[in-house]
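Given only the sequences and the hints, what does the whole structure look like? Please build it.
Protein chains: 2
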Amino acid sequence: MFNITGKFARNFTTKASSVRGNAVGGMIFLATVAITTYHLNSTTSYSDAEKEVTDVATVKKPKASPNMYKEMPKYIKKLQHTIVNELEKLEGVGGGKFVWDSWLRPEGGEGISCVLQDGNVFEKAGVNVSVVHGNLPAAMEKQMRARKKEGSVCHPHNPNAPTVHFNYRYFELRDKDDNSVDGGFFTKKSDPKAWWFGGGCDLTPSYLYEEDAKHFHQVIKQECDKNDLSYYPKFKKWCDEYFYIPHRQEARGVGGIFFDDLEDKDSDIIFKFVQDCGNSFLRSYIPIMQKRKDMPFTEEMKIWQQLRRGRYVEFNLVYDRGTKFGLATPGARIESILMSLPLTSRWQFKHEPAFHSREQEMLEVLKTPRNWI
Amino acid sequence: MFNITGKFARNFTTKASSVRGNAVGGMIFLATVAITTYHLNSTTSYSDAEKEVTDVATVKKPKASPNMYKEMPKYIKKLQHTIVNELEKLEGVGGGKFVWDSWLRPEGGEGISCVLQDGNVFEKAGVNVSVVHGNLPAAMEKQMRARKKEGSVCHPHNPNAPTVHFNYRYFELRDKDDNSVDGGFFTKKSDPKAWWFGGGCDLTPSYLYEEDAKHFHQVIKQECDKNDLSYYPKFKKWCDEYFYIPHRQEARGVGGIFFDDLEDKDSDIIFKFVQDCGNSFLRSYIPIMQKRKDMPFTEEMKIWQQLRRGRYVEFNLVYDRGTKFGLATPGARIESILMSLPLTSRWQFKHEPAFHSREQEMLEVLKTPRNWI
Numbered sequence: 001m002f003n004i005t006g007k008f009a010r011n012f013t014t015k016a017s018s019v020r021g022n023a024v025g026g027m028i029f030l031a032t033v034a035i036t037t038y039h040l041n042s043t044t045s046y047s048d049a050e051k052e053v054t055d056v057a058t059v060k061k062p063k064a065s066p067n068m069y070k071e072m073p074k075y076i077k078k079l080q081h082t083i084v085n086e087l088e089k090l091e092g093v094g095g096g097k098f099v100w101d102s103w104l105r106p107e108g109g110e111g112i113s114c115v116l117q118d119g120n121v122f123e124k125a126g127v128n129v130s131v132v133h134g135n136l137p138a139a140m141e142k143q144m145r146a147r148k149k150e151g152s153v154c155h156p157h158n159p160n161a162p163t164v165h166f167n168y169r170y171f172e173l174r175d176k177d178d179n180s181v182d183g184g185f186f187t188k189k190s191d192p193k194a195w196w197f198g199g200g201c202d203l204t205p206s207y208l209y210e211e212d213a214k215h216f217h218q219v220i221k222q223e224c225d226k227n228d229l230s231y232y233p234k235f236k237k238w239c240d241e242y243f244y245i246p247h248r249q250e251a252r253g254v255g256g257i258f259f260d261d262l263e264d265k266d267s268d269i270i271f272k273f274v275q276d277c278g279n280s281f282l283r284s285y286i287p288i289m290q291k292r293k294d295m296p297f298t299e300e301m302k303i304w305q306q307l308r309r310g311r312y313v314e315f316n317l318v319y320d321r322g323t324k325f326g327l328a329t330p331g332a333r334i335e336s337i338l339m340s341l342p343l344t345s346r347w348q349f350k351h352e353p354a355f356h357s358r359e360q361e362m363l364e365v366l367k368t369p370r371n372w373i
Numbered sequence: 374m375f376n377i378t379g380k381f382a383r384n385f386t387t388k389a390s391s392v393r394g395n396a397v398g399g400m401i402f403l404a405t406v407a408i409t410t411y412h413l414n415s416t417t418s419y420s421d422a423e424k425e426v427t428d429v430a431t432v433k434k435p436k437a438s439p440n441m442y443k444e445m446p447k448y449i450k451k452l453q454h455t456i457v458n459e460l461e462k463l464e465g466v467g468g469g470k471f472v473w474d475s476w477l478r479p480e481g482g483e484g485i486s487c488v489l490q491d492g493n494v495f496e497k498a499g500v501n502v503s504v505v506h507g508n509l510p511a512a513m514e515k516q517m518r519a520r521k522k523e524g525s526v527c528h529p530h531n532p533n534a535p536t537v538h539f540n541y542r543y544f545e546l547r548d549k550d551d552n553s554v555d556g557g558f559f560t561k562k563s564d565p566k567a568w569w570f571g572g573g574c575d576l577t578p579s580y581l582y583e584e585d586a587k588h589f590h591q592v593i594k595q596e597c598d599k600n601d602l603s604y605y606p607k608f609k610k611w612c613d614e615y616f617y618i619p620h621r622q623e624a625r626g627v628g629g630i631f632f633d634d635l636e637d638k639d640s641d642i643i644f645k646f647v648q649d650c651g652n653s654f655l656r657s658y659i660p661i662m663q664k665r666k667d668m669p670f671t672e673e674m675k676i677w678q679q680l681r682r683g684r685y686v687e688f689n690l691v692y693d694r695g696t697k698f699g700l701a702t703p704g705a706r707i708e709s710i711l712m713s714l715p716l717t718s719r720w721q722f723k724h725e726p727a728f729h730s731r732e733q734e735m736l737e738v739l740k741t742p743r744n745w746i
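From first to last, the protein sequence lines are chains U and V.
Just so you know, we're using the working numbering here: the first sequence kicks off at 1 and counts up by one.
Just so you know, we're using the working numbering here: the second sequence kicks off at 374 and counts up by one.
Hints listed in this document are in silico derivations from the structure and should not be mistaken for laboratory results.
This structure is a prediction, so every number in the text was calculated from the model and none was measured.
Hints should not be assumed to be uniformly reliable.
[Said to hold, decoys possible] Computed cross-link-like contacts, DSS-like style, restricted to lysine-lysine with a CA-CA straight-line distance of at most 25 Å: (1) Lys77(U) / Lys723(V); (2) Lys610(V) / Lys645(V); (3) Lys97(U) / Lys664(V); (4) Lys302(U) / Lys675(V); (5) Lys697(V) / Lys350(U); (6) Lys462(V) / Lys324(U); (7) Lys664(V) / Lys462(V).
[Claimed, not checked] To be clear about the criterion: a stretch of chain V counts as covered by chain U if any three or more of its residues have a C-beta under 8 Å from a C-beta of chain U, and this derived list gives those stretches: (8) 490-500; (9) 713-725.
Using N, Cα and C, we set each Cβ at its ideal position, and we do this for glycine too.
What follows is the structure in structure tokens.
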């Protein structure tokens, strides 16, 4: 859910460098909601980044909303409640309930992890919010890392029902002198020096239902198109590329959208897009679950689902940049980082789907990502 | 099972560099038997290594046996048969049988993977042998990588019974002109330019039985002591350090021994040590399995075992250098690389063993590795 990009690393370090130069601190702010593993998209190291000399303060940018640091958290907390409620409704009478696990970050910020385990419908589901901020550059690296610890995902029991994952996040950087902390948030005096949005959602079925993939993509495309016609094709491709398992030569699932560094329009305008995405999540996923959650299935199908969950583990532990980064961080909240892993999974030597089976059909789609619309 | 060390990378690359200089090729040879994941211990990159200028041919070494390239494969193939037979006996009447999967490497060499899945006693067990050789330096990197593909491990069903892993390997490097290939092996004309042994074995219980850990260590210590009194303390420590999961701050199991780069004595002498280790494997593991395989257990214990298997997956996917390297290799035999993963595993949010429970007892030992003897 916490996404540091190449651009971020550049801006951030450039800012940090100039800060070191004139002994003025900076503050960072990150608000994020996730049904997701979090991601870290940067391959730019700090030392590389420091070679760049562009000062972000001098780059012309679209307008930053002065109150986004309040608006985004307000929105994602509301969204978290809505989603948790709807997922619990899906669990039905006597079904699983989310456990709310809230934490405060001593250096500034808070988080709420909601996890449901071994329910009627979901094997494991999590909906997480975190809002963190901190000073720069003194504890920069440490703080940056300390923050990378969220992640969640919905893994249903029924092999006919797909796993889903989403996350949306907002980041900003301000001059330290411009702000003072008030009740866990800093109060703003000027516009942020740097800011952007990132996020996305994607679907991972064990068995292909074309209508489900189409529905999921249709809903998210509609929201993209309402905001910018270039978004869906661009972000769909980005998603296919990010959630790819090279050693299997397979996509993790049937995709969705993925974007980062979004700052090409005024922040109010992008915020509207992010809200459209967030608000459409239930509409994209719940109807699929209602159709699939009670379908009959065989033991063989359950085994196939568990093998697919194994692939999910492979992606998250081997490739997901946020997970890798988080695990390498001393003192990180490991339970939160690994929350996205399924409750159970399986590895079988040389498992090969039968010719023309539904398992083979699924594999073929994963090997050659399709356009669903 | 295939273990490239810093030293190897140095020797290897230095040799390769000098080979490029005088247009003479080199041949490498690797024989290995494993109940193990394989390991890759090098953090030295080829380019770094090339900066070193020591020519291995000029370094004084203990005597290399001229026929080790035949003796080691002969030994490990025999060992594989013995172990497979004994593990099948443990499965009992109507129990699981190993499937033999034999492969030839077009560029030179062969492998035999034996895998048993979902038997009476073992969830998943594998015993693998590979004997590979190839030319240097033309296809050096490709060949080196192509070879890193073995791995196996025994994961029992019963949570009272421990997972075990072992691997022993021999490596040598010769001048190309000194050899010609004969029936899949090269025939030798001179002594190898570089050679060494590596290997080890370790135990991973879900529940602590001190007597089991002591027995396992006692058997292996006896074999070490017969050969060199410095081996056990040194290799026991090396094992604890290698099979450590930093993000959990836990050892993977109760250890055993791990060694690499062993070339400080004549190769015949070290070969005897390796055979002592290999031959003692059944004596170290089978008695434990006989005691534990039919013990009653609860569903709760099975869940704890599955959580521990999740840790095994975490170690192998996140830290095991061979697995990481193998996964990054285009065209690698992924099924062989991931053979060491358990059939099933589990991740549960914030699972915490009850105070003074047997699960907590196990965790404490993993957090503070003990001396068992």
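>> If you test the structure against every hint from before, which numbers come out violated?
In response: 3 and 6
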